[in-house]
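Undergrad: Chain by chain, the residues:
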Amino acid sequence: MNDLALVNKNLWRKPVRTILLIVSITIAFLILSLMLSFNSAISNFHTLPTRMVTLSKINFTESLPIAHYDRIARTEGVRVATHMNWFGGYYQDPVRGFMPVFAVDPQTYFQVYSEDLQIPDAEREAFFNDRTAMLVAEPVAERWGWRVGQRIPINSNIFTNGSTGNSVWEFTLVGTIPTPSGSSQTGSVLIHYDYFNETITFGRDRIGWVPFLTTSSEVNDQVANAIDQRFANSQDETSTQDEATFNKSFAAQLGNIGLVVTLVVSAAFIAILLIVGTTMALAVRERTREVGVMKTLGFSSARVLRMVLAESILLSVLGAAFGVGAAALLLSALSGAGGGGGGPQISFAPIVIAWAGVIALLLGLVTGLPPALQAYRMRIVDAFARR
Amino acid sequence: MASLLDQIGAVTSLNVRSIPQRGAMSIASVVAVALTITVLLFFLALANGLRSTVEGSGAEDVAIVIREGSNAELNSVVTRDQLSILAAGPGVAQRDGQPLASGELLVIVDGVKRSTGTNANMPFRGIGPEGLALRRSVHITQGRMFTPGTNEIVVGAGLLREFSGFEFGRSIRIRGSEWQVVGVFEAPGTVFESELWADIAVTQSLFNRPNIFQTMRIQLSSASAMAAFKQWAENDPRLNGLEILSEREYYARQASQSTQGFMMIAWVLGIMMAIGALAGALNTMYSSVAARAAEIATLRIIGFSGWAAFFGTMVEALALSALGGVLGVLIAFVAFNGRTTSTLGSGFTQLVFKFDLSPGIIVTAIIVAIIIGLFGGLFPGIRAARQRPQLELAAA
Numbered sequence: 468m469n470d471l472a473l474v475n476k477n478l479w480r481k482p483v484r485t486i487l488l489i490v491s492i493t494i495a496f497l498i499l500s501l502m503l504s505f506n507s508a509i510s511n512f513h514t515l516p517t518r519m520v521t522l523s524k525i526n527f528t529e530s531l532p533i534a535h536y537d538r539i540a541r542t543e544g545v546r547v548a549t550h551m552n553w554f555g556g557y558y559q560d561p562v563r564g565f566m567p568v569f570a571v572d573p574q575t576y577f578q579v580y581s582e583d584l585q586i587p588d589a590e591r592e593a594f595f596n597d598r599t600a601m602l603v604a605e606p607v608a609e610r611w612g613w614r615v616g617q618r619i620p621i622n623s624n625i626f627t628n629g630s631t632g633n634s635v636w637e638f639t640l641v642g643t644i645p646t647p648s649g650s651s652q653t654g655s656v657l658i659h660y661d662y663f664n665e666t667i668t669f670g671r672d673r674i675g676w677v678p679f680l681t682t683s684s685e686v687n688d689q690v691a692n693a694i695d696q697r698f699a700n701s702q703d704e705t706s707t708q709d710e711a712t713f714n715k716s717f718a719a720q721l722g723n724i725g726l727v728v729t730l731v732v733s734a735a736f737i738a739i740l741l742i743v744g745t746t747m748a749l750a751v752r753e754r755t756r757e758v759g760v761m762k763t764l765g766f767s768s769a770r771v772l773r774m775v776l777a778e779s780i781l782l783s784v785l786g787a788a789f790g791v792g793a794a795a796l797l798l799s800a801l802s803g804a805g806g807g808g809g810g811p812q813i814s815f816a817p818i819v820i821a822w823a824g825v826i827a828l829l830l831g832l833v834t835g836l837p838p839a840l841q842a843y844r845m846r847i848v849d850a851f852a853r854r
Numbered sequence: 186m187a188s189l190l191d192q193i194g195a196v197t198s199l200n201v202r203s204i205p206q207r208g209a210m211s212i213a214s215v216v217a218v219a220l221t222i223t224v225l226l227f228f229l230a231l232a233n234g235l236r237s238t239v240e241g242s243g244a245e246d247v248a249i250v251i252r253e254g255s256n257a258e259l260n261s262v263v264t265r266d267q268l269s270i271l272a273a274g275p276g277v278a279q280r281d282g283q284p285l286a287s288g289e290l291l292v293i294v295d296g297v298k299r300s301t302g303t304n305a306n307m308p309f310r311g312i313g314p315e316g317l318a319l320r321r322s323v324h325i326t327q328g329r330m331f332t333p334g335t336n337e338i339v340v341g342a343g344l345l346r347e348f349s350g351f352e353f354g355r356s357i358r359i360r361g362s363e364w365q366v367v368g369v370f371e372a373p374g375t376v377f378e379s380e381l382w383a384d385i386a387v388t389q390s391l392f393n394r395p396n397i398f399q400t401m402r403i404q405l406s407s408a409s410a411m412a413a414f415k416q417w418a419e420n421d422p423r424l425n426g427l428e429i430l431s432e433r434e435y436y437a438r439q440a441s442q443s444t445q446g447f448m449m450i451a452w453v454l455g456i457m458m459a460i461g462a463l464a465g466a467l468n469t470m471y472s473s474v475a476a477r478a479a480e481i482a483t484l485r486i487i488g489f490s491g492w493a494a495f496f497g498t499m500v501e502a503l504a505l506s507a508l509g510g511v512l513g514v515l516i517a518f519v520a521f522n523g524r525t526t527s528t529l530g531s532g533f534t535q536l537v538f539k540f541d542l543s544p545g546i547i548v549t550a551i552i553v554a555i556i557i558g559l560f561g562g563l564f565p566g567i568r569a570a571r572q573r574p575q576l577e578l579a580a581a
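Heads up: the protein sequence lines correspond to chains G and F, in order. Just so we're aligned, residue 468 is where the first sequence starts under my numbering, counting upward by one. Just so we're aligned, residue 186 is where the second sequence starts under my numbering, counting upward by one.
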């Protein structure tokens with residue numbers, strides 16, 4: 468029998484106890500995985516160091532005149548610029564059917580966000596060529612059961628359609644956008660700015676914000692200054708920042724999510740650290756005589772220490788694997804059931820696996836070390852003297 | 186033979202006195218329950234503080250008019266014509282012969298969140314001359330109210346606590362004009378404290394929204410006039426497409442939208458952590474039963490019933506988890522009760538509120554702790570009751 472088999476036997480000698488410990492470790496790692504995935508879903512979108520955005524200095528909900536767009540696009544250091552408007556879109560129900568619909572300038576939008584818009588040429592051309600065309604993120608189409616070629620009525624909770632007098636626009640679905648984890652297009656619905664601008668009854672010739680690529684991230688500050696200087700003291704002053712900074716401050720609006728995640732995960736782990744630590748200590752104490760027997764048989768102290776450590780690490784790695792696995796299953800089930808809705812879609816973040824691995828090892832070491840040292844130091848005489 | 190109660194008392198005291206022998210495990214299970222309760226209370230107190238602030242903002246005798254289907258003020262539109270029709274409606278209170286009504290416009294401006302230094306959405310509200318009178322809970326505590334027709338702002342005290350950029354006396358440049366902060370107002374426990382107010386006409390013109398109103402607030406003579414007012418408005422075709430609610434109804438709706446998410450997080454995390462803590466409690470209690478096998482067996486032989494062994498274990502489990510629950514509540518009180526925080530409210534603007542541990546929430550948390558104790562004592566208790574005395578003693 469090799470040592471590992473012995474470790475495994477030791478671990479399962481009291482199956483109820485071991486299962487209970489694994490349950491509590493699993494829960495802690497489930498919480499860790501869910502919280503980290505949530506945090507990364509709201510803060511870690513793909514960003515490019517050269518992608519920046521110009522917004523109204525007052526707030527990003529204030530619009531800018533369309534004339535700003537040409538001036539920004541012609542600024543030195545700007546490679547290509549596009550513009551976006553918030554449509555306030557929903558499908559059927561204003562709350563449940565809410566979706567982030569953006570009126571965009573198709574060609575330039577595809578240049579600025581090219582890495583996240585890998586769709587077949589035919590679909591892209593169809594979107595470019597039909598003013599009433601619409602592209603949606605895959606989960607959105609899945610959620611509502613939309614098929615390519617369908618005419619979809621989308622409501623706006625802001626604008627009125629001048630050609631019909633109500634707040635509904637019909638768009639032709641010409642394709643879907645795949646949205647792997649972290650895609651900047653998560654949940655997006657894209658329509659044509661020109662069509663939008665001609666049919667709305669107010670707010671015409673205004674744009675929401677201007678995302679653009681710089682020629683190199685080294686000129687970012689210079690470009691931002693040039694743009695904001697250009698519009699300083701005008702009616703529509705601007706604020707230009709890089710994409711990552713903007714995303715960060717947007718996520719910070721919800722609250723200090725990073726801190727809350729850290730506190731909750733810490734609470735869960737302090738609890739299981741204590742539970743697992745004290746139980747491991749008890750388990751080794753119960754085996755005092757056996758440790759004596761093993762040492763009598765010639766097991767070295769170091770070997771005994773390794774075996775106890777291996778047991779605690781095995782325990783925490785098992786729990787971690789179950790916890791991470793459960794989180795992955797849960798998140799994929801959730802995104803299948805109701806994804807593509809309002810908020811960002813929460814998908815399993817791969818970074819979780821790295822964190823869980825490191826924490827599982829640490830947890831195993833910390834909970835196993837005190838009893839392992841106790842077993843290491845134990846003298847055969849004392850082992851048999853104790854009852 | 187002793188009565189069952191005496192037996193239970195004897196076994197319980199035996200258990201409780203032997204807790205120090207399993208000190209580390211018992212403490213671990215108390216702390217696990219305490220941390221579970223703290224996490225649950227964190228989100229429940231957050232949701233409760235948010236809800237009571239939003240709900241506490243509405244009066245029953247003030248009508249609020251929004252566009253039908255617009256979920257937030259930001260998406261609503263009310264025209265000037267509709268405004269005049271509504272102001273002449275039945276039951277509208279008057280002051281000096283003028284109807285107490287205010288057409289309002291909400292725009293969003295950037296403020297800087299003090300804790301992170303990042304930009305955040307501040308609600309900037311243009312209000313009519315009667316806007317202040319329509320909000321009875323509001324009092325100017327520093328400086329004065331803005332003068333109608335000027336670029337003056339008054340700022341809510343809650344907003345000032347959490348965000349910088351709008352300090353009293355400061356002048357702010359928006360759309361090429363200087364605005365002066367001339368006053369600070371308080372309205373404890375309401376959403377208004379998170380707002381900036383200025384004159385409606387000036388706001389419309391400087392934010393390039395000529396003649397646009399989003400909402401209208403109307404003071405009715407009494408809460409009972411509300412039904413008649415709604416009825417009258419419904420029958421007037423010129424008011425088609427508008428929705429009229431009492432301020433209280435309006436804010437109750439906003440509150441449930443804002444708090445749903447936090448309530449869900451509270452219970453999902455709370456239940457998960459409770460399961461983890463329960464596993465710890467079960468382990469502790471199983472060890473406790475195993476450690477006292479010989480004592481329990483002895484008692485059974487001298488005539489104690491299985492029930493006594495069961496209840497002894499149950500009482501120990503309940504005592505540990507109740508202790509954990511109380512510790513969790515204490516941590517919550519010290520760590521976050523009454524603390525001010527802010528989040529993005531349903532109006533897409535920051536809402537400042539306080540963590541609020543209400544008695545109901547504390548009772549809920551203690552119940553959760555006791556449920557953990559009940560399950561934690563149940564199965565080990567059954568094992569204790571079923572032990573076969575001869576075998577246990579032979580083994581010892």
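Hints listed in this document are in silico derivations from the structure and should not be mistaken for laboratory results. Just so you know, these numbers come straight off a predicted model, no measurement behind them. Check the hints yourself; a few may be wrong.
[Claimed, not checked] Derived coverage of chain F by chain G (criterion: at least 3 residues anywhere in the stretch with Cβ under 8 Å from a Cβ of chain G; other residues may be distant): (1) 209–215; (2) 321–330; (3) 358–369; (4) 373–384; (5) 404–417; (6) 433–441; (7) 548–559.
Glycine is no exception: its CB is placed at the ideal position from the N, C-alpha and C atoms.
Undergrad: Are the hints correct? Go through all of them and say.
TA: Tested hints:
1. 209–215: With 5 residues in contact (Cβ-Cβ under 8 Å with chain G), the coverage given for the region 209–215 of chain F holds.
2. 321–330: With 0 residues close enough to chain G, the hint is violated.
3. 358–369: holds (count 3)
4. 373–384: Coverage by chain G is violated for the region 373–384 of chain F (0 residues, Cβ < 8 Å).
5. 404–417: violated (count 0)
6. 433–441: Since 0 is below three, the answer is violated.
7. 548–559: This one is violated; 0 residues, fewer than the three required, reach chain G with a Cβ under 8 Å.
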